[in-house]
Amino acid sequence: MLGILRTHKARAWLYQGLALAATLGLALSFVLIARQNLLDQGIATGFGFLERSTGWPINFALIEVSDRSPYWRMLTAGLLNTLLVGLLGLASATLVGVAIGLIRISSNLVLNVIGTTYVEIFRNVPLILQAFFWYAILTHLPSPRRAIPLMDIGFLSNRGLVLPALDISAADVFLFAAGTALILYGAARLGGAGTRASRWAWPLALAALAALFVLLLLTGRTPEAPLLTLPELRGLRFVGGFEIKPEFTALLIAITVFGGAYIGEIVRGGFLSVDKGRIEAARALGLKGFQINRFVRIPLALRAMLPALANQYVWLMKATTIGIAIGFPDYFMVVSTSINQSGQTMELMALLMGGFLLVNYGIGFVMNRVNARLAIKDRAG
Amino acid sequence: MTRKISSLLCSAALAVGLASPGLADSGETVATIKERGSLLCTGHNGSYLGFAEVDDKGKWTGFDIEFCKALATAILGSPDKLQIIPVSWAQRFPALQSGDIDVIIKVTGWTMSRDTELGLQFSRPYFIGPTNILVRKELEAETSADLEGGVFCINAGTSIERIVADYMGARGIEYEALNFEKGEELRSALYAGRCDALAGFGPFLAATRFNAPNPDDFVIMDEVLALEPESIAARQGDDNFIDVINWMVSALLMAEENGITQANVDEVRANPPSASVERLLGASPGMGERLGLSDDWAYNVIKAVGNYGEIYERTVGEQSAYKLPRGKNHLWLNGGLLYALVLD
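Protein chains in written order, with the working numbering: chain Y, 7 to 387; chain B, 934 to 1277.
Note that these hints are calculated values from the structure, not bench results.
None of these values were measured; they are calculated from a predicted model.
Idealized CB from N, CA, C, for every residue including glycine.
Treat the hints with care, since some could be wrong.
[Stated by the list, open to error] The calculated label-pair distances, taken between Cβ atoms and stated as ranges, are:
no. : chain 1 : residue 1 : chain 2 : residue 2 : range
1   : Y       : Leu26     : B       : Gly1105   : 56 to 66 Å
2   : Y       : Met355    : B       : Pro1146   : 33 to 43 Å
3   : Y       : Leu32     : B       : Lys1115   : 50 to 60 Å
4   : Y       : Val131    : B       : Arg1104   : 43 to 53 Å
5   : Y       : Gly349    : B       : Gln1030   : 18 to 28 Å
6   : Y       : Leu135    : B       : Pro1146   : 35 to 45 Å
7   : Y       : Ser72     : B       : Leu1160   : 21 to 31 Å
8   : Y       : Asn130    : B       : Ser1021   : 31 to 41 Å
9   : Y       : Pro155    : B       : Pro1146   : 26 to 36 Å
10  : Y       : Leu94     : B       : Asp1149   : 38 to 48 Å
11  : Y       : Val131    : B       : Asp1149   : 48 to 58 Å
[Claimed, not checked] Residues of chain B placed beyond 10 Å of chain Y at every Cβ, according to the derived structure:
no. : residue
12  : Gly960
13  : Leu982
14  : Gln1016
15  : Trp1043
16  : Gly1083
17  : Tyr1272
18  : Asp1277
[Stated by the list, open to error] Not everything, but these chain Y residues come out facing chain B in the computed CB check (under 10 Å):
no. : residue
19  : Pro63
20  : Ile64
21  : Ala142
22  : Leu144
23  : Leu147
24  : Arg151
25  : Thr235
26  : Glu238
27  : Gly247
28  : Ile250
29  : Ile332
30  : Ile345
Sequences are here, hints too, so could you generate the full structure?
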């Protein structure tokens, strides 16, 4: 029996098993101790409260919620808000970051100075201050009654931006986005296949998109409602139209601008990491400028950027929690309010951590897949 | 053996108690205060605008401070025989239990858990704490119905969130709730015009209005969304002290009911219009000895701080910077909830 322990492999397994057992035991004892303490204090535990109605509303949600909605629905609305502002923020921060990165490595002196100034300012001011700054600007716009008209169809005021709205639901918008992505992916596959059907790929995709649009418009609409509603000032607010709240805008701008500065540096670093010798080699092979970029510089730079970019994305997603400071009901804010209102601190903390773990694990998963696809495939080493 | 002795002592004590009907000796707390020569009353760590404010010379003013002065005057004859001890909200209950203060007069809500679990005894409510709405004047809103579709700024995670949701929901008025975790952001959103209204505890709204860059742009609506009765708290078990506090509050209200003010109290005392006013001002005996105080204690109190209405208007009402509407803190005959007890 003891003979087995003498082998290196068995001992390694034993150590790992013991470490795992100790960790699990520790976690279990934490849970049990916390549970006992809560019981002693007469505090109810468990997730039963998720079915109870909240009694308080939030002012921004992608799904229908009110003060009569149960906690689980309110929390879902918060998580969706976080995803919305986070994903839009990541996309726009990437666009800004790429532009800034390219500006900084360009040989144009004026652009260089602009890029450097941007990075130094927005990277060195704390994100929360930037959020306050943008929010203060947006809330100091005129009141709804003195709103700034935009070509007589939209209005800009301290209540946000109202635009004419198509009478479609958020679910339809989501379906449309998902359908579009699918069609584009299919078209790219077909177009790249090099067969005779390939030349029809893009016209086909266009037709499919139009068909999807019409289909959703016909099925998803409330009958009798006008297709397009124009915002109109009635009493204290605008009725009709599509409203973008200043809290959302301020948070999105802050994440875009702040994230853009960091991503700009990552992009710059990626391009600078490309070995000069490789570019020279490409030139020696007779590749033209854009060919060098397309086939040599960008793929190499992208590979260098991806790990840092993945980190940055995860970080930015977590940074959406500053929404609480400017009144944006993101996941953190909804959880925080729920803790105050229901008193179920432990359970809600677990949900908060679980939610962010899920979101950030999702980002990590996607980035790792992309990374694997782009990695140099020379198994020979 | 021990049990026998203690039951003997008990019946002896009972006999003494029965032997002196009506004429109360001072309770333990009042005796301590008289011996010390000053009342130890609650202030605030900093200024709680309108209720307990301290200036750069260390002089305290405010609604609660006036009641401290009234109590000091009732017991010791002078509003100056008072020490204000600054305590935070959290400190007030332990400070009372440890004897650092004699009494809590600090907009303290009379709640069941405080009454039963913290060893406190509460007086009759001396202030009705309302949940109100602060609005921009330019909206010309008279009632909550005029705020249809408006944006309400609310402190996130407080009971106000639910109070507003219930109140507006029951009346079918649509509104948008914009919730902030911190008071500073809540205020700046209101001042910037991001929200049309701020819902909250009346005194908090009064202070928010006062701190606005342009206080005159804002007004607190009369409408009350919810009430919290605020009472004066003392240590459990000193009945005489609670009696003194209750009758002090009642005397201030009775003075207002009968039109007795700081200015005319001497005149009224010389020519009392009724027997009860005569008793109140100590022109005929009986008012003091039953509480273990001097007969003219109520006269001294009114002379020192005025009647309830005068205190209110001077510290938080129309004559003050805060302009908190009197609302439910009016006397019953003016549509409020306050009344004097029967002085016979």
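Do the hints match the structure? See the list:
1. At roughly 58 Å, the beta-carbon separation of Leu26/Y and Gly1105/B lies within the given 56 to 66 Å, and the hint holds.
2. At about 39 Å, the beta-carbon gap between Met355/Y and Pro1146/B stays in the expected band of 33 to 43 Å.
3. A hinted range of 50 to 60 Å for the beta carbons of Leu32/Y and Lys1115/B is inconsistent with their spacing of about 36 Å.
4. For Val131/Y and Arg1104/B, the Cβ-Cβ distance of about 45 Å falls inside the hinted range of 43 to 53 Å, so the restraint holds.
5. The hint said 18 to 28 Å for the Cβ distance between Gly349/Y and Gln1030/B, and at roughly 26 Å that hint holds.
6. Taking the beta carbon of each, Leu135/Y and Pro1146/B are about 22 Å apart, not inside 35 to 45 Å as hinted.
7. Take Ser72/Y and Leu1160/B: their Cβ atoms lie about 25 Å apart, and the range 21 to 31 Å holds.
8. The given range of 31 to 41 Å is respected by Asn130/Y and Ser1021/B, whose C-beta atoms sit roughly 37 Å from each other.
9. Evaluation of the 26 to 36 Å hint for Pro155/Y and Pro1146/B yields a pass: the beta carbon distance comes to about 27 Å.
10. The beta-carbon spacing between Leu94/Y and Asp1149/B, approximately 41 Å, falls within the hinted interval of 38 to 48 Å.
11. Distance hint check for Val131/Y and Asp1149/B: the Cβ-Cβ separation is about 36 Å, which falls outside the suggested range of 48 to 58 Å.
12. The beta carbon of Gly960/B sits about 34 Å from the closest Cβ of chain Y, which is more than 10 Å, so the claim that it is off the interface holds.
13. Its beta-carbon lying about 24 Å from the closest one in chain Y, Leu982/B satisfies the requirement of being farther than 10 Å from that chain.
14. Listed as a non-interface residue, Gln1016/B keeps its Cβ farther than 10 Å from every Cβ of chain Y; the least gap is roughly 36 Å.
15. Non-interface status of Trp1043/B relative to chain Y is upheld: no Cβ of that chain comes within 10 Å, the nearest being about 22 Å off.
16. Non-interface call for Gly1083/B relative to chain Y: violated, since the shortest CB-CB distance, roughly 4 Å, does not exceed 10 Å.
17. Remark: the non-interface label on Tyr1272/B is consistent with the geometry, its nearest Cβ contact in chain Y lying 34 Å away (cut-off 10 Å).
18. Look at Asp1277/B: its CB is around 46 Å from the nearest CB on chain Y, clear of 10 Å, so calling it non-interface holds up.
19. Contact between Pro63/Y and chain B, as hinted, is supported at the beta carbon level, the nearest pair being about 5 Å apart and thus within 10 Å.
20. A hinted interface residue such as Ile64/Y counts as satisfied when its beta carbon comes closer than 10 Å to some beta carbon of chain B; here the least separation is about 7 Å, so the hint holds.
21. Nearest Cβ of chain B to the Cβ of Ala142/Y: about 7 Å, under the 10 Å cut. The hint holds.
22. The beta carbon of Leu144/Y comes within 8 Å of a beta carbon in chain B, closer than 10 Å, and the hint placing it at the interface holds.
23. The closest approach between the C-beta of Leu147/Y and any C-beta of chain B is roughly 9 Å, which is under the 10 Å cut-off, so the hint is satisfied.
24. Taken as an interface hint, Arg151/Y checks out: its beta carbon lies about 9 Å from the nearest beta carbon of chain B, inside 10 Å.
25. Look at Thr235/Y: its Cβ only gets to about 16 Å from chain B, farther than 10 Å, so that hint breaks.
26. Because the closest C-beta pair between Glu238/Y and chain B is about 12 Å apart, greater than 10 Å, the hint is violated.
27. A distance limit of 10 Å between C-beta atoms decides the matter here; for Gly247/Y the minimum to chain B is near 14 Å, and the interface restraint is violated.
28. Residue-level restraint check for Ile250/Y is violated (minimum Cβ-Cβ distance to chain B is 14 Å; threshold 10 Å).
29. Restraint check, Ile332/Y versus chain B: the minimum CB separation of about 7 Å is within 10 Å; hint holds.
30. Checking Ile345/Y against chain B: minimum C-beta separation of about 8 Å stays under 10 Å; hint holds.
Checked against the numbered hints listed earlier, the structure breaks hints 3, 6, 11, 16, 25, 26, 27, 28; every other hint is satisfied.
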